[in-house]
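Trainee: Knowing the structure of chain F, use the given hints to seat chain L on it.
So the protein sequences, as listed, match chains F and L.
Counting in the numbering used here, the first sequence runs from 1 upward without gaps.
Counting in the numbering used here, the second sequence runs from 1 upward without gaps.
Derived from the structure by calculation, the hints contain no laboratory data.
Not one of these hints is a red herring.
Result set (BS3-like, lysine-lysine): computed pairs, CA atoms no more than 27 Å apart in a straight line:
#, chain 1, residue 1, chain 2, residue 2
1, F, 82, L, 11
2, L, 226, L, 258
3, L, 258, L, 177
4, L, 258, L, 42
5, F, 81, L, 11
6, L, 215, L, 177
One-letter residues, chain by chain:
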Amino acid sequence: MEKQEIRILIAKVGLDGHDRGAKFIAQALRDRGYEVIYTGIRQTPEDVAKIAIQEDVSFVGLSLLSGAHNQLFPRVVAELKKAGAQDIVVFGGGVIPADDIPFLQSQGIREIFTPGTTTDQMEEFIQRILAERA
Amino acid sequence: MPNLIEELQAKQPRALARAISLAENDPIGSAELFSSLHPLQKSFKIGFTGPPGSGKSSLIRDLLVHACRQDLRVGVIAVDPSSPFSGGALLGDRLRMNLTGFDPEQVFIRSLSARGHLGGLSPGTILSLHLLEYYGFDWILLETVGVGQAEVEIMYLADLVSVILVPGMGDEIQAMKSGLMEIADLFIVNKCHRPGADTLVSELEALLAMAPRYKEEDVWRPQILKTDALEGDGIEDLWQLLLGYPANVDFQRYQAVKRRRQIYYQTFQSVINHFRVRTADLLKLVALEEGADAADVHALARRVIWELCRTERRSPSDKPADSSS
Chain F
1 MEKQEIRILI AKVGLDGHDR GAKFIAQALR DRGYEVIYTG IRQTPEDVAK IAIQEDVSFV
61 GLSLLSGAHN QLFPRVVAEL KKAGAQDIVV FGGGVIPADD IPFLQSQGIR EIFTPGTTTD
121 QMEEFIQRIL AERA
Chain L
1 MPNLIEELQA KQPRALARAI SLAENDPIGS AELFSSLHPL QKSFKIGFTG PPGSGKSSLI
61 RDLLVHACRQ DLRVGVIAVD PSSPFSGGAL LGDRLRMNLT GFDPEQVFIR SLSARGHLGG
121 LSPGTILSLH LLEYYGFDWI LLETVGVGQA EVEIMYLADL VSVILVPGMG DEIQAMKSGL
181 MEIADLFIVN KCHRPGADTL VSELEALLAM APRYKEEDVW RPQILKTDAL EGDGIEDLWQ
241 LLLGYPANVD FQRYQAVKRR RQIYYQTFQS VINHFRVRTA DLLKLVALEE GADAADVHAL
301 ARRVIWELCR TERRSPSDKP ADSSS
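Just chain F, with the same shape it has in the complex (with noise of 0.2 Å):
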């Protein structure tokens, strides 16, 4: 058996053009071993959601500057609920009000990162979750 590689997507929802956190994360993730799967900027929940089941990845990160993140992410989740993929953990990061935290982690979002925090704890988070599954 070879090592099983561990497959993220990086995805832009909504009308946000900011990609530079996005590309950060996904340049970060990639040189820390993971096989990240980036999607460009403007995709729609409903896209993220097929683009995460055909790429068979086991975490999906979004990332929104708008302020459209109570709108959005939590339809990402809905739509891999709906295909039967709830397994796929979904995380989130960007300028996210503190208040708007609790409301997104109720709507099956698992972790909210915002501006400051490191990549290791963006790598905690993720081995962390990968540790509860095995």
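Mentor: Only chain L this time, still in chain F's reference frame:
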């Protein structure tokens, strides 16, 4: 994993994605597991290869737009390189191919990491291709990593290899070299509005006129097409050309010749894959026993080969399916 086989037989979309992961992660087990799956019809397999940034993914996107209008079902495998340091990969072909609101039953795109494999594809590509064919896609588009001169593996998987070139990458001597330039069944000169595109086309024409290979019988003579993937120029011509190939008698004759080489190579790779994984596993054990600083690598290799042969015979699952004993 009997469930996966049942889900594959039911052609569930998620099962295909999972099966490809299994092909990547466990080449030995998956080759055995999927051996019962036989496609009902042949897919037309088109390869896209060429230097990084030449427009392979963008051309595929343009073709996907056409395919969606015509109800053609298309599977795409796009390979990007893996890091020699972290082993990770940034798979960024797909972002150029995304079609808003696509139907996942009609268009299936999968990004693969090369996982250290040289040659332009990845260790799991051959099996992934067979899985897509089993799902009955009309076309399968195979995109290699951005290549240089020596990555010719795509010729052993694709019915038609299109080599994507862009102007300004060297003189005619570069075009005359062995390797990549010889495997083209179709040359696409992309970014054709850039200076030097016509020069490149005439260099390719001269190359084809001079090579004795193309004068032989049953040899396919590549066409040369100019495109601009972002502007959409030449895409209609490319689409029509590709649609016409499978029914072309010369092309069919060429496929029959090509097929033998492909079966040889794919079988060879399947065997190599098996022993590559087993060797890696065994080497860990043997190296552990012998000490990591064993001086004689050839002695260590003989030890591994001996262990391989000894343990291979013991494994009952490796008996061929049609063996009567």
